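There are 2 protein chains.
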Amino acid sequence: MKNHQFAFVPTELPQIVAELTTTRFLDASNEQLPADELLKDLIKRTLVNYRSDASKEIALADLMVDDHQDARAFFKEHQSVERTQFYNLALQLLHFQTNEDFKLSDPITTWQQFQLPIYDGAKTTFEAEDVLRAWYLLLNTHTKFGQTLLDDLAANGYFAQFSDLKQPLIFNGKTQAVFNTDHLIREVVYVESDLDTDHDGKRDLLMAHVIRPAETEAGLKVSVLFTASPYDQGTNDIAGAQLTHNVDHPIAHKEPNQFSYSDVESHYQPGNLPAKRTGNGKTATHAEEHFQNGWGYTLNNYFLARGFAVVYSAGVGTKDSDGLRTTGDPAETLSATAIIEWLAGKRTAFTNRNGDVKITAWWSNHNVAMTGRSYLGTLQTAAATTGVAGLKTCISEAAISSWYDYYRENGLVVAPGGFQGEDADVLAEETFSREQRAGDYHRIKAKWDQQLAAITSHQDRRSGNYNQFWDARNYLKAVANIKADMVLVHGLNDWNVKPRNVYNLYQALKSVPVTTKLFLHQGQHIYINNFQSLDFTDMMNLWLSNKLLGIDNHANDLIPPVTIQDNVNPGTWQLPADWGTSHSKTIQLNDAKALQQPFDQATPAFLDQLSHEQLSQYTKHESSGQYDEWFNDLVNNPNSPIESTRLIFKTKPLDHPITIDGKVKVDLTMASDHNVGLVSAMLIDYGDAKRLNVSPSVLAPNAINAGYQWTKDSLKEFTLQANPSPSKMISIGHLNMQNRQNSYRVNELEPNQYYDLSFELQPTFYTLPAGRQLVLVIYATDLAMTVRGTMGVTYHLNTTQSSFTIPLLHNPD
Amino acid sequence: MKNHQFAFVPTELPQIVAELTTTRFLDASNEQLPADELLKDLIKRTLVNYRSDASKEIALADLMVDDHQDARAFFKEHQSVERTQFYNLALQLLHFQTNEDFKLSDPITTWQQFQLPIYDGAKTTFEAEDVLRAWYLLLNTHTKFGQTLLDDLAANGYFAQFSDLKQPLIFNGKTQAVFNTDHLIREVVYVESDLDTDHDGKRDLLMAHVIRPAETEAGLKVSVLFTASPYDQGTNDIAGAQLTHNVDHPIAHKEPNQFSYSDVESHYQPGNLPAKRTGNGKTATHAEEHFQNGWGYTLNNYFLARGFAVVYSAGVGTKDSDGLRTTGDPAETLSATAIIEWLAGKRTAFTNRNGDVKITAWWSNHNVAMTGRSYLGTLQTAAATTGVAGLKTCISEAAISSWYDYYRENGLVVAPGGFQGEDADVLAEETFSREQRAGDYHRIKAKWDQQLAAITSHQDRRSGNYNQFWDARNYLKAVANIKADMVLVHGLNDWNVKPRNVYNLYQALKSVPVTTKLFLHQGQHIYINNFQSLDFTDMMNLWLSNKLLGIDNHANDLIPPVTIQDNVNPGTWQLPADWGTSHSKTIQLNDAKALQQPFDQATPAFLDQLSHEQLSQYTKHESSGQYDEWFNDLVNNPNSPIESTRLIFKTKPLDHPITIDGKVKVDLTMASDHNVGLVSAMLIDYGDAKRLNVSPSVLAPNAINAGYQWTKDSLKEFTLQANPSPSKMISIGHLNMQNRQNSYRVNELEPNQYYDLSFELQPTFYTLPAGRQLVLVIYATDLAMTVRGTMGVTYHLNTTQSSFTIPLLHNPD
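In the order they appear, the protein sequences are chains X and R. For the first sequence, full-length UniProt numbering assigns the number 1 to the initial residue and increments by one for each residue that follows. For the second sequence, full-length UniProt numbering assigns the number 1 to the initial residue and increments by one for each residue that follows.
Just to be clear, a hint being listed does not mean it is correct.
Same chains, same label: a pair holds when it works inside one copy or across any pair of copies.
Claimed, not checked - Distance condition first, Cα-Cα at most 25 Å in a straight line; then the derived DSS-like pairs of lysine-lysine:
hint, residue 1, residue 2
1, K712, K510
2, K712, K319
3, K445, K144
4, K728, K620
5, K254, K319
6, K477, K44
7, K593, K276
8, K44, K319
9, K585, K445
10, K103, K445
11, K483, K652
12, K477, K282
13, K123, K652
14, K276, K202
15, K221, K346
16, K166, K276
17, K319, K620
18, K202, K483
19, K76, K445
20, K358, K44
21, K123, K477
22, K483, K650
If you're looking for bench data, these hints aren't it; they were derived computationally from the structure. Every value quoted in this text rests on a predicted model; they were computed, and no experiment measured them.
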């Protein structure tokens, strides 16, 4: 175990005393005790479930102070408290086990190996003040199961025993789990938007699920976590699968154009809106409709136990809302901001879809944060770019910043990894959950069929070009409007929402006067708030306590600007100053010094062709968005049908480690023997090694508690593969040879003529130890992402005029 | 979807009216309404979360009555209710979706295809009485997510709206989810056993976790589900792994003996017990120690919402209890029965480990059922064989009936699938969770080391023989004592606790005057209470309502005696009258008519030898307790290192389907060229086919609700493989050639001398469609289960005097 805690706020003694008093560890009965008696008293206060003194004493006998005496025996006689004794007890309170995790003879070494924060301001013998200081630090230290000891105690009922806690309790700058989640109020409202996407002459009402602490009924005003999730109301999986596009066809030749950006620029036209509903003059304080628990984002649940409200809304075209799905256009953005405006007191909602009785968010303090991953993260970015008032911050995970970068690339249809054949229309159909209410669907079906046909047409799979449809779905255009502080989280192995999405947003935010924090992990399309090695949840608590509750806790300073998980050493996080602003090194593709096998021909060729049987064999089994057998043949197998379909450039083994920091650029001079051309480039880490597993491993099931008798999550961490693997994809990129200038300008492609092609691979942050080799594969059809005509096009590469350029964290010279 | 519901109790109209009244679907306000108004009123009562009449009317508009009118419009004018209209609404209430699941033009066909119970007592037009009868049936019908509609409504708060329900509510013979699980009381007691396994001069106190409804405080006496689970207090995984035995060594030659059973029979000697604790004269009604939620067996949680108490206890040697682990001996049995006796008012417990204040189970009605799987199921069988008063029934899943059948077979060490090298000592160490309390461990360590060494010695891995150690752990000896009605659940592909365990218990129970119900599923070591296709949970409700609450609900008649999941058709359950009493057919191993490739030699040979590299390659990746590459080479690959290590006998393709019902018997005449010999026989279903997947697939995550705002489970079902597989293991068996008579009598083995060997494979129930082939593989070292010396022994088989005999469900002639 390696622990990284960034959310600890250094605290002076008077404040320590004040906070230990607020949290009821300290009071008149124990504040004057000598060190040993004080420590005994503090430990007994943690024994929440032992409700008699006799049972607490028995529990003390279960703890060892050193390798020969238990705590009951130790505390029986007045003794000095040695530092090692304190940390032996501390390790046990943190659920570490003697023998398996540490030795009673030397707790300090283990403590330091685990990177737990240590109190070192004392001599080896603790005075009472040392006990207080060390105890305070201990309450803020992570247990074996990745939560602070205080959170662990809260989960065991520490705060539940004090029934008079009815408002947020701040400890070390973070809000604590003192709210009774059994009493949460769950109600439904219908927010009136400035949209009429289903053109029924009435503004679209958007259903929202509100979960708020019971204490709001007694007047507490609370901050809100809002998750805009089109999936929450159900998905039409069968209909979505039926709509999924066939990709086993050649790319089309495109007529050249002379487009500039203005030709493809989109300007949102809200059109003439129907009048607002006037209601019947009544305003209710409580909803007519309620709902049951049923959502699982543990970060939201964590904050529900800490006195925040949580709101979910699925947006236009979802079950119980009006309107039609659009897959990411401004109407969906306004679906999200409408909810925020209602939460900020600036918009009307009703108690049912008749729209007669109004209801306000009277319990809201008007400070809203957004949370969620993937589409849910995307809508955060979308909402933030409107500059909507009330939205203080986003915790945007695995978010799309431009839908073109999700479904397209450089003039090509390029699928999200694992979702071959999906497109904007498929996603629209999947999330059009109005379909699940038979009556509602009956009334809207004709309009929906029209809308879906329009999306299918405008997304234009034939050309793969950037156009007005995609420009309307490019949030990067409006980053300058962002007023919310942004937390960006993304997986460096996320081939679904690829890393370019977060990279472009991160870079664009540099010129916007908000605070941005970037977290890059080694996972795919996952959450990271259940990792053992990083106090991500604590940091988000620090962050939201600052942004929403206004606590002066130095969140902006304590949370590192850039936190990146190491891909070589498990449970390790790096803190570079920035991402992607680095040195670089260029390798020519005919460089005999750099490459292991420079080609004997100056212009080697490959033939993009597979039989139907080969294609079907390779695409039979998909795992994690990749076809393993194909990848293995592509990179590791010289005797396979793939051999002749690609060119491989392999560097000599590295004589020192390197860290690739940002976007690898590929400059190629290539010819196609047809009037179409599709180029893929894959960069690979080559060499037998135990790398991180693709997904984090469960270290302890259901070990993380969001609160007392509340939802649980499993503790996870990336671990090393059990057996060495020969290689791993680092990054990838694709280009239509007719889009040599950009994604909307189409150039002619003359067969057998050489063209200069230049494109960037997905940005990364990747360390290769010494001895590894870098492999660049140049090929055409990418079975997992591009259309796969595999139609017999021959490509030639001029290696004398081709190279790739690697951005490096450290100066290569 | 195919629905099998056995727990429905046929009910007459007066009782229907009474039960609909009790559950508040019927009262003075609606009992006189005509059919359409009654139906509208009933549907509106299901709309629990719509709390105003306006919102309920809006919700009605979301339901379609037929393909052109919604329910709001339909009910506006007085209309007759057609049968198809009722079932259109019914399908929607059961969460089936128009278009994806059914068509509004023909709901009846879908209803019948899904095998949902239909009300067919009416003409096509429903009168009010028909509505009542059909509604009652509908409330008992499973939704798309595998629960009755009434359970689904309960999960949505149907009963929670009636706050005055404070005692069990019976509907259709089953107890309903009317209890508020937010208010469960969780407390800890220490039961004094009649044991002193740690020889400290004090009877072992056994900690138990009690969860009981708050209503017990007001005088409600409740039945108890008790789960004896040695794992609940944590496991010592690292220490267990360290103790795991090396299996890469040859089997040992054994000195012949003349043992009869009396030589290995064990007689439990409780020894002289210390006096009982007298206490301090005080008796408490409430505990001193409490605990948090944290266990996950969903069947127990389901009953917590229905007014049962649940008790967990881990037994001797576990954390917070006294004593030492023994792996299955009578002390562990008495650990379990001690808790039952306390629950039945016949034994003393204390509020803490000092043993001064007594506490009774004053809230118990003294009726106890046991639940749980694996070790947890095993301890049910163990407890039942004592005939302990209070134990009314067991729901024993994947249980061991004799520990020799778990760790040994016919004179050989044979591992549970997936746990090579595990043995009784390893399991004892893993479950000795006193080790996790540093103080407690410090005081007990020396005694534990002694105990563990004794187990290691007595289990006798060297011989693999049945002895007194194993006889003390054979519950089959005392089946005649069983007084509890028994539900036995086992996986036909459970290679961890192998099917012989349940088979032997099932057969032995036939002569015991209790009711036994047998469920055999196609899974491995799993629970089945989350399957879509079978109402297992409902049946258990019917069962426990009968056995514990005394409800006269025909449980004994309605639950089939034997329910077996089909291995060919997903979601299908067969109801044979019995298991393993069947016809049979013998195939000689030189039968040229039956076998595809009879051997040209009369005495073919195989050499049990693999290099270290081959062994290490084959055992590198284990999945589901099997080494796939080895299995594939064993059965399907004539060009592998395995080729010469086994003999294969393959039948001609079957000209009609057969169902193997029970134990395949193998009769072999064999010689070994050493003075040791190890024979394995594997029976295989051969032929390309899409078989059931190894594990059930998740159909809908977290879709099953144990109650209102309570724990959830995922809906699962076995689905077919995406791609055909060439073969599948049906069953397996192993024999030490020195144990030709039985598992304790050792015979001499002369090298190169032929001996008659006869042994049974694990019992099964397996259908082979026409066209498939049966394969019998005769080999020696079983990489997944036996020790693996692979030491170069050559075996000869006399095919003219060898055969296998297949038990068949239907007469083969």
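Hints and how they fare:
no.	hint	in the structure
1	K712 - K510	neither (37 Å within a copy, 44 Å between copies)
2	K712 - K319	between (28 Å within a copy, 23 Å between copies)
3	K445 - K144	between (53 Å within a copy, 24 Å between copies)
4	K728 - K620	both (21 Å within a copy, 21 Å between copies)
5	K254 - K319	neither (40 Å within a copy, 72 Å between copies)
6	K477 - K44	neither (58 Å within a copy, 49 Å between copies)
7	K593 - K276	neither (72 Å within a copy, 85 Å between copies)
8	K44 - K319	between (51 Å within a copy, 19 Å between copies)
9	K585 - K445	neither (56 Å within a copy, 61 Å between copies)
10	K103 - K445	between (68 Å within a copy, 15 Å between copies)
11	K483 - K652	neither (48 Å within a copy, 75 Å between copies)
12	K477 - K282	neither (41 Å within a copy, 76 Å between copies)
13	K123 - K652	neither (54 Å within a copy, 83 Å between copies)
14	K276 - K202	within (8 Å within a copy, 79 Å between copies)
15	K221 - K346	within (16 Å within a copy, 54 Å between copies)
16	K166 - K276	neither (38 Å within a copy, 48 Å between copies)
17	K319 - K620	neither (35 Å within a copy, 49 Å between copies)
18	K202 - K483	neither (31 Å within a copy, 70 Å between copies)
19	K76 - K445	between (77 Å within a copy, 23 Å between copies)
20	K358 - K44	between (51 Å within a copy, 24 Å between copies)
21	K123 - K477	neither (58 Å within a copy, 65 Å between copies)
22	K483 - K650	neither (46 Å within a copy, 74 Å between copies)
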